[in-house]
Amino acid sequence: MSEKRRDSKGRLLKTGESQRADGRYLYKYVDKAGKTRYAYSWKLVPTDLVPKGKRDGKSLRELETEIQRDLQDGIDTTGGKMTLCQLYAKQNAQRANVKESTRQGRKKLMRTLEGDILGARSIDSIRLSDAKEWALRMKDKGYAYQTISNYKRSLNASFRIAIADDLVRKNPFDFKLNEVIEDDRTPRQALTEEQEERLLSFASRDRVYKKYYDAIVILLKTGLRISELCGLTRQDIDFENGVIHVDHQLLSSKETGYYIETPKTKSGVRDVPMSEEVKQAFERVMANKAKAEPTEIDGYSGFLFLNGKGFPMTNAYYTSTFANLRKKYNKSHEDSLPKITPHGRVIIRTS
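Numbering-wise, my numbering comes out as the position in the sequence shown, counting from 1, plus 468.
Take the hints with a grain of salt, since some may be wrong.
Here are the simulated lysine-lysine pairs, BS3-like style, with alpha carbons at most 27 angstroms apart [what the hints assert, rightly or not]: (1) 477 x 520; (2) 482 x 503; (3) 600 x 644; (4) 477 x 576; (5) 549 x 500; (6) 482 x 549; (7) 689 x 734.
These are computed hints drawn from the structure, not numbers from a lab.
Hey, can you work out the whole structure from these sequences and the hints?
In structure tokens form, the structure reads like this:
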């Protein structure tokens, strides 16, 4: 019978365990894929002292317990070494057929992860406390609560995939965000009728903002999304039947410029009734754009709402316009207007 192996302190070593010449302990095992793997530690058991100048960590026996538990439960111990960025990229690759706006959002999150220490961490090393600290860092960097919430939801989904693939056991992003950072979002409310009247009255008389009057009327009276308004062409306005045909929206990004997308949901494809006031607003818009140079974007042309250079208006342009309109109104009126933005299907007040 061969003599059992011992370490430098005379302690019996288990199957797969050995001690290197430099004193470090090694555990040899076969992973889920049948490949030989190694785990290392300067300690055999938790109570051992780490040699001076060496990094502390889990003991070899602790690592063995984790490895064996993972192997017994079918956890891929090597797959768990992929980074958070790699996991997120894997999730995106599995669902590649998405809208351009979704693709742009994914790029933003990936850049955010690449710029944060968590992005390079192996997914099996990320704990609940790490994910919460990430949320706090995001807040400190100036990200809005809604943005952090959206990013957290995406990373939560990434870890659900990792769990389903037996790469990790737990989801560190499965926590309530409002228990970590304050939910400072302002409830969204539509402008009151009285506020609408004041806004329209001022815009119709102001030398700078009267050119936006018709767009404001249409937004208020139809409930169109701002991106839907920006994407409207002459062909979409059906005066005979008194409806607006909505089947696309116009968006833009720094990377791709203008682009056309279908509405967010299937129900977004619809015919929106026009009141007489809205019809008149469209008639004025069309009359003013009669001599405009045609601009084609993804097969669409004849856009109705153009900027001073003849290019289609965008969400960002209208958002800044509304902010400046409100600011100018409030300078000369005691009954000030709340902060407003053309968000979703109504012009809302956010303060």
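The hints, checked one at a time:
Restraint check for residue 477 and residue 520: the C-alpha separation of about 17 angstroms stays at or below 27 angstroms, so the hint holds. Restraint check for residue 482 and residue 503: the C-alpha separation of about 20 angstroms stays at or below 27 angstroms, so the hint holds. For the hint pairing residue 600 with residue 644, the CA-to-CA distance comes to about 10 angstroms; that is within 27 angstroms, so the pair holds. Distance hint between residue 477 and residue 576 is unfulfilled; the C-alpha atoms sit about 54 angstroms from each other, more than 27 angstroms.
Distance hint between residue 549 and residue 500 is fulfilled; the C-alpha atoms sit about 14 angstroms from each other, no more than 27 angstroms. Between residue 482 and residue 549 the alpha-carbon distance is near 26 angstroms, which keeps this suggested pair within the 27 angstroms criterion. Under the criterion of a C-alpha separation no larger than 27 angstroms, the hint pairing residue 689 with residue 734 is consistent with the structure, at around 22 angstroms.
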